[in-house]
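Using the sequences plus the hints, can you model the full thing?
Chain residues, written in single-letter form:
Protein chains: 2
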Amino acid sequence: MTEPAAPTAAVLLIGNEILSGRTQDANLNHIARQLAVLGIRLKETRIVTDEEAAIVEALNALRARYTYVFTTGGIGPTHDDITSECVSKAFGRKHVIHPEAYRILAAYYAESGREFNAARLRMAHTPEGADLLENKLSRAPGFKIENVYVMAGIPAVMRAMFEAAVPSLRTGPAVRSRAIATYLPEGEIAKGLGELQGRFESLEIGSYPFVRDGKIGTTLVLRGTDGAALERAADELTALIRSLGAEPVEEGG
Amino acid sequence: MTEPAAPTAAVLLIGNEILSGRTQDANLNHIARQLAVLGIRLKETRIVTDEEAAIVEALNALRARYTYVFTTGGIGPTHDDITSECVSKAFGRKHVIHPEAYRILAAYYAESGREFNAARLRMAHTPEGADLLENKLSRAPGFKIENVYVMAGIPAVMRAMFEAAVPSLRTGPAVRSRAIATYLPEGEIAKGLGELQGRFESLEIGSYPFVRDGKIGTTLVLRGTDGAALERAADELTALIRSLGAEPVEEGG
Chain A
1 MTEPAAPTAA VLLIGNEILS GRTQDANLNH IARQLAVLGI RLKETRIVTD
51 EEAAIVEALN ALRARYTYVF TTGGIGPTHD DITSECVSKA FGRKHVIHPE
101 AYRILAAYYA ESGREFNAAR LRMAHTPEGA DLLENKLSRA PGFKIENVYV
151 MAGIPAVMRA MFEAAVPSLR TGPAVRSRAI ATYLPEGEIA KGLGELQGRF
201 ESLEIGSYPF VRDGKIGTTL VLRGTDGAAL ERAADELTAL IRSLGAEPVE
251 EGG
Chain B
1 MTEPAAPTAA VLLIGNEILS GRTQDANLNH IARQLAVLGI RLKETRIVTD
51 EEAAIVEALN ALRARYTYVF TTGGIGPTHD DITSECVSKA FGRKHVIHPE
101 AYRILAAYYA ESGREFNAAR LRMAHTPEGA DLLENKLSRA PGFKIENVYV
151 MAGIPAVMRA MFEAAVPSLR TGPAVRSRAI ATYLPEGEIA KGLGELQGRF
201 ESLEIGSYPF VRDGKIGTTL VLRGTDGAAL ERAADELTAL IRSLGAEPVE
251 EGG
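Protein sequence lines, in the order shown, are assigned to chains A and B. Be aware that the first sequence starts at 1, since it is given in my numbering, and climbs by one per residue. Be aware that the second sequence starts at 1, since it is given in my numbering, and climbs by one per residue.
Among these hints, one or two may not hold up.
As the list makes no split between identical chains, a pair holds if one copy fits it or if it spans any two.
[Said to hold, decoys possible] Mimicking DSS-like on lysine-lysine, the simulated pairs with C-alpha atoms at most 27 angstroms apart in a straight line are:
1. K215 / K136
2. K191 / K215
3. K94 / K215
4. K89 / K215
5. K191 / K94
6. K191 / K89
7. K136 / K191
Calculated from the structure, these hints are not laboratory results. None of the values given here were measured: they were computed from a predicted structure.
Okay, structure coming up:
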């Protein structure tokens with residue numbers, strides 16, 4: 001049900017802290033929402049540990065399959081920040097000092113009176129031939145190499161880098177959505193909903209049960225790039241809900 | 001740095017709603033924390049769309065590589081709930097009515113006065129030979145087949161099913177952790193921290209920068225199964241922080 005021409009994407013979250021349960025990822029949802037607005041279909045996400053083999057393998061699998069790959073995490077100055085080296089290895093490129101990244105960092109540490117030491121010099125390295133992604137917040141840049149965008153793990157910094165990435169992305173038709181909730185259990189609406197999906201193959205129709213105030217309900221989400229089909233399907237869904245004796249409540253997309 | 005004997009795991013989150021940005025996953029963090037307590041090392045997570053090829057491929061990749069795979073989502077009664085069929089395909093098994101699941105659901109719908117219709121009958125199907133995972137909350141069970149645990153996407157239901165899964169899991173030595181925060185930028189402590197990691201190869205040492213009250217700091221997390229090594233490393237880290245003129249603050253593991 002994907003628009004054939006729409007670009008696709010994967011996200012690769014790198015870091016033991018998510019898999020250990022210590023922190024809850026805060027980046028995927030932001031990237032997912034931004035990509036939806038840009039009409040880029042996020043098809044897959046992987047979360048891997050800070051281990052070279054795992055990062056290289058996941059990156060190579062994803063970059064071969066999707067239009068874009070966005071990675072977050074592992075580009076700081078400490079020993080566990082190995083993303084940048086791993087990206088170089090995945091691409092079979094030399095891992096080198098990027099002159100512009102060096103200049104940015106040297107100026108930053110000179111200004112702030114901190115030492116531009118060996119650990120910090122690691123942040124000036126990229127795969128040979130990478131383009132930088134500006135970091136308006138804390139300077140140390142991310143980078144882009146071919147179809148892979150390498151961003152920080154700190155959410156505010158990741159967002160700044162994603163913003164810097166946007167102009168280089170090929171966009172697709174925007175994905176629009178309608179969400180309609182009703183106090184019907186999924187099992188009551190499943191048959192009509194499946195038939196509706198059959199009539200609107202260009203749309204993606206999802207069903208998400210909930211319990212509110214002790215009552216069982218379902219949120220139905222219609223998504224697609226064909227606005228007219230979306231409206232027609234929403235009208236039919238509304239009629240279906242009413243035919244089952246319930247009330248539809250628009251939730252916004 | 002993994003304990004060789006410790007069991008490993010992957011999580012496979014299935015559902016368009018996470019990748020579309022509509023919802024933030026709430027299951028991974030719970031599973032990750034539970035696995036850490038059980039001494040099972042969560043090595044990878046994938047999030048895929050509700051598409052057969054994507055689910056089957058991810059599941060087969062993960063189940064071959066890790067001791068356990070936990071899936072969430074896609075086992076309800078609607079057309080977009082295809083996880084169960086996909087698991088059958090991945091294992092090359094027939095997708096059949098599980099007699100005990102049928103009995104549970106028939107009793108539930110009889111009690112509640114709702115129709116046990118064709119959509120709901122889908123929830124009584126599992127791959128042939130699966131064992132059920134009890135759902136104390138809303139009855140429709142999850143299931144286990146070989147090393148794969150198939151659970152619901154609704155967080156409360158997923159938790160009930162995970163609890164039902166625990167007795168069948170081989171546990172490993174519990175992973176313990178210490179987290180020590182300090183107002184030092186990562187770049188100041190990186191060198192000493194890398195040396196500390198070199199001296200404690202059995203531990204995993206992570207560094208996570210933060211900004212609090214406008215001050216830059218770093219949380220250092222030490223993780224491992226060797227409690228004595230953990231304490232020694234934490235003592236050395238504390239000394240390292242003090243040698244850099246800062247104060248260590250224990251954050252709890």
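Hints numbered earlier in the text: which of these fail when held up against the supplied structure? Of the numbered hints given earlier, those the structure breaks are 3, 4, listed in rising order.
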